[in-house]
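**Q** Residues per chain, in single letters:
2 protein chains.
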Amino acid sequence: MTAATLSKMPRRASYVPSMDLVPLVLEGRVPAIARMISRAEAAYPEAANALAEIYKRAGRAHVVGITGVPGAGKSTLVSALIRALAAAGQKVGVIAVDPSSPFSGGAILGDRVRMSDAAAASGAYVRSMATRGNLGGLARSTLEAVDILDAAGYSPIIIETVGVGQDEVEVVSAAHTIVVLSAPGLGDDIQAIKAGILEIADIHAVSKSDRPEAAATVASLQGMMALGPGRTDTSWRPPILAVSSVSGNRVRDLLDAISAHWAHLQASGEMAVRRHGIARTRILGTARHLFSRKFDEGGSLDGHVEKVVGRSVDPATAARMLLGWEKES
Amino acid sequence: MTAATLSKMPRRASYVPSMDLVPLVLEGRVPAIARMISRAEAAYPEAANALAEIYKRAGRAHVVGITGVPGAGKSTLVSALIRALAAAGQKVGVIAVDPSSPFSGGAILGDRVRMSDAAAASGAYVRSMATRGNLGGLARSTLEAVDILDAAGYSPIIIETVGVGQDEVEVVSAAHTIVVLSAPGLGDDIQAIKAGILEIADIHAVSKSDRPEAAATVASLQGMMALGPGRTDTSWRPPILAVSSVSGNRVRDLLDAISAHWAHLQASGEMAVRRHGIARTRILGTARHLFSRKFDEGGSLDGHVEKVVGRSVDPATAARMLLGWEKES
Chain A
397 MTAATLSKMP RRASYVPSMD LVPLVLEGRV PAIARMISRA EAAYPEAANA
447 LAEIYKRAGR AHVVGITGVP GAGKSTLVSA LIRALAAAGQ KVGVIAVDPS
497 SPFSGGAILG DRVRMSDAAA ASGAYVRSMA TRGNLGGLAR STLEAVDILD
547 AAGYSPIIIE TVGVGQDEVE VVSAAHTIVV LSAPGLGDDI QAIKAGILEI
597 ADIHAVSKSD RPEAAATVAS LQGMMALGPG RTDTSWRPPI LAVSSVSGNR
647 VRDLLDAISA HWAHLQASGE MAVRRHGIAR TRILGTARHL FSRKFDEGGS
697 LDGHVEKVVG RSVDPATAAR MLLGWEKES
Chain B
397 MTAATLSKMP RRASYVPSMD LVPLVLEGRV PAIARMISRA EAAYPEAANA
447 LAEIYKRAGR AHVVGITGVP GAGKSTLVSA LIRALAAAGQ KVGVIAVDPS
497 SPFSGGAILG DRVRMSDAAA ASGAYVRSMA TRGNLGGLAR STLEAVDILD
547 AAGYSPIIIE TVGVGQDEVE VVSAAHTIVV LSAPGLGDDI QAIKAGILEI
597 ADIHAVSKSD RPEAAATVAS LQGMMALGPG RTDTSWRPPI LAVSSVSGNR
647 VRDLLDAISA HWAHLQASGE MAVRRHGIAR TRILGTARHL FSRKFDEGGS
697 LDGHVEKVVG RSVDPATAAR MLLGWEKES
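Chains as they are written, first to last, in the working numbering: chain A, 397 to 725; chain B, 397 to 725.
Any given hint could be a false lead.
Since the list can't tell identical chains apart, any single copy or any two copies may satisfy a pair.
Restricting the straight-line Cα-Cα distance to at most 20 Å, the calculated cross-link-like pairs of lysine to any residue (SDA-like) are [to be verified]:
id	residue 1	residue 2
1	K703	R716
2	K690	R716
3	K703	G673
4	K452	D698
5	K690	G720
6	K487	E722
7	K690	L719
8	K690	E722
9	K487	G424
10	K452	E722
11	K723	A444
12	K690	M717
13	K452	M415
14	K487	R689
15	K452	S518
16	K690	M620
17	K703	V669
18	K487	W658
19	K690	H672
20	K690	W721
21	K723	A615
To be clear, the hints were calculated from the coordinates, so they are not data collected in a lab.
For reference, chain A alone in the conformation it holds in the complex (with noise of 0.2 Å):
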C-alpha cells in the first residue's frame, strides 16, 4: 500500500460516513459542510456517492466568480461584500482559490485573516482551498465545494481567484457571473496577462476608486472593450465600475450589477447557454483530470516513455498508443 492510498483512507474510529453527513449539510450544519469540503479536496473514493447525491440537490445559488492579479485587491473586495450582502439578510458563502507558492504566500495569509473577521462578524461561510497537493484537481475540488454551499442553501457563493492559469480559468469560468477586477496603475505588462480573463468579463471592477490613477484605467478598460471581442451573449454589454472596498463607495453599485446579471441571465435564456457550458467544462476538466492521474500512478507510461527517449518511437505515436487508438509495436 502506497503513502498515496494511505492518505485517502479515514483514519479516525469516530469517521462519519459522508452519506449520512448528507442530511446535515442539506440542513445547512456547519461542521458537516466543513467536512464535506474537506473530503471533496482530498479526494476520499469514499465521499463520491456523498457528493454525486450533493450535487443533484444543488443548482439553486447564485455562483459569483471574482477574478484578478495578486494585489488587485480580490480578498478586500470580497470582505466588503460580505459585510454589504450580510447587511441585506443574504447567506453568502465564499471559495478562496489560494495560490499557495511559497513566494506569495504571507501576504495572501493577511487577507484571508481580514476576510474571516468579516465572516464571522455575518454567519457567511468562507474557505480557502489548497492549490499544491490537491488529490482531487483544483478545478474539481473547488466546484464541488460550490455544490456544498449551494445543496446547504448558501446564495450568491463567490469564488475568488487570481486570474492566472488554467485551472483558476476553469474555475471562474464555471461562475453564472465573472467579475474582473483591475487595480489602477498596474502596468500593460500585467493587462496583456490578463487579457484572456478581460475577454470572459460580466462586469468589470476597478478597485481602488480613491487613487487618481483610477479613471486612466477605467478609460483603458474601455479601449480595450472597443478593440476585442466580447463573451458570446451579445445581448450584455459588461459595465466598468469603479469602487473603493474601503470606504465602502460603490460597493453596492457592483452588488447591483452582479442582481442585474442574474436578473439578465434568466429573462434572456441566456442562463440555459450557460448551464450548457459549464456542465461541459466541469465533465472535461474532470475526465481529463482522471486521465491523467490513472497514467501518472500506474506504470503503464514507463514502456513508452524508454522508446520515445531512445528515439525508436516518437511522442505523438506513444501518446496513440497509451489512448489504446494504436497498435504497439
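Given the coordinates of chain A, work out where chain B should sit on it, guided by the hints.
**A** Just chain B now, kept in the frame of chain A:
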C-alpha cells in the same frame, strides 16, 4: 465535410508529400524546414509519418528555453544571443511562442521585427508559432518545430516563450536548459505570478543591468532562492546574471553559463533524468490534447451534458462514463 477538416487538407496541386521533404530537412534546406514547421503547426494528418521520422533523426541539439513575462526583454535578449552565437560560428535556431492576444499583439510584433534583422544577418533560423487556432496544440507543434530544427543540424535551439499559462510551461519544460529572465522594477505582483517558473530556472538572468534597480532585482531573486525549493537536480546551483542586451554587456557570460549547464547535464548523469522527464511530458501532453479534441469534435459529450444540466447525473460520474470507466445510466 466540415470547415475544420477542409482546412487540414493540402490545397495546391504542387503539394510536395511530407515524406519527400524529410531528406531535404535533414540536409538543412530552409524552404523544406519552413514547410515542415507549417505542417506541424496546422497538424496535417499527412505530415504525421514524416514528423515521426524526423523525431527519430533528431536528438543532438542543445535546447534552451528562455522565458519571462511580457516586457522583461526576452526578444531583445534573444537577438543579442543570436549575434553572439553567430559570431562564434554556431547555427542557431529560434522558435518564438507568440501570444496573439489582440491586447498585446502590437508591441510584440515590433520585437519580432528586430529579432528577424539579427537573424537575417547571421544565417540563424527564426520562427514564430501561432498560439490561437493552433489545431495541433501549442506545446505539441512547438516541440515538433524544435525536432525539425534539431534534425536539420541547428544547435543551440532557443525556445522563447511568455512564462505564463500551462501550454507555455509545458513548452519550456521540454528544454534542457531553462533561462528565466526578470526585469528590474517589475513589482512583487508579477514575481508572484512567475513563481511557478522561477522554480524551474537553471539560470536566472536580470535584464536591463544598466538600470539602477537591477541590483535590487538580483538581491530579490537571491532571497527567493533561499526561501523556495529549487529543481530536483540539487547538484546544480542556478547562477543569477545581470545582462544588458542593448550594450551586449555580459551576454557572453550568459552564453558561458548556458554551456556550463549543458556540460553539467552530461557530466552529472542528470541528462538522462531530464530526457526521461521531457519524453514523459511530451507523451502525456499530446495524449491529453488528442483526448480533449476527440470529445470536443465528436457528439459523444452532448448526452452527458444534458444529464448534468438536469442534475440527474453529477459531473464526476459523467466524466467516468465518458472515459468508459462507468456504465451509462
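**Q** Now tell me, hint by hint, if it's right for this structure.
**A** Hints versus structure:
1. K703 with R716: Classified as within: same-chain Cα gap 14 Å, cross-chain 30 Å, threshold 20 Å.
2. K690 with R716: both (16 Å within a copy, 12 Å between copies)
3. K703 with G673: between (39 Å within a copy, 13 Å between copies)
4. K452 with D698: For K452 and D698, only the inter-copy Cα distance (19 Å) is at most 20 Å; the intra-copy one is 39 Å.
5. K690 with G720: both (14 Å within a copy, 13 Å between copies)
6. K487 with E722: Neither: 53 Å inside a chain and 37 Å across chains, both beyond 20 Å.
7. K690 with L719: Intra 12 Å, inter 11 Å, cutoff 20 Å: intra and inter.
8. K690 with E722: both (19 Å within a copy, 15 Å between copies)
9. K487 with G424: Result: close within a single copy only, 10 Å intra versus 67 Å inter.
10. K452 with E722: between (38 Å within a copy, 18 Å between copies)
11. K723 with A444: Cα proximity of K723 and A444: across copies only (16 Å, versus 34 Å in one copy).
12. K690 with M717: Both. Shortest intra-copy (15 Å) and inter-copy (15 Å) distances satisfy the 20 Å Cα cut-off.
13. K452 with M415: For K452 and M415, the Cα distance is within 20 Å only inside one copy (14 Å; across copies 53 Å).
14. K487 with R689: So K487 and R689 fail the 20 Å test inside a copy (36 Å) and across (40 Å) alike.
15. K452 with S518: neither (28 Å within a copy, 64 Å between copies)
16. K690 with M620: Neither: 42 Å inside a copy, 34 Å across copies.
17. K703 with V669: Between. Shortest inter-copy distance 14 Å satisfies the 20 Å Cα cut-off; intra-copy 45 Å does not.
18. K487 with W658: within (17 Å within a copy, 58 Å between copies)
19. K690 with H672: between (27 Å within a copy, 19 Å between copies)
20. K690 with W721: both (17 Å within a copy, 11 Å between copies)
21. K723 with A615: Neither way: K723 and A615 sit 57 Å apart in one copy and 54 Å across, limit 20 Å.
In summary, the numbered hints that this structure violates are 6, 14, 15, 16 and 21.
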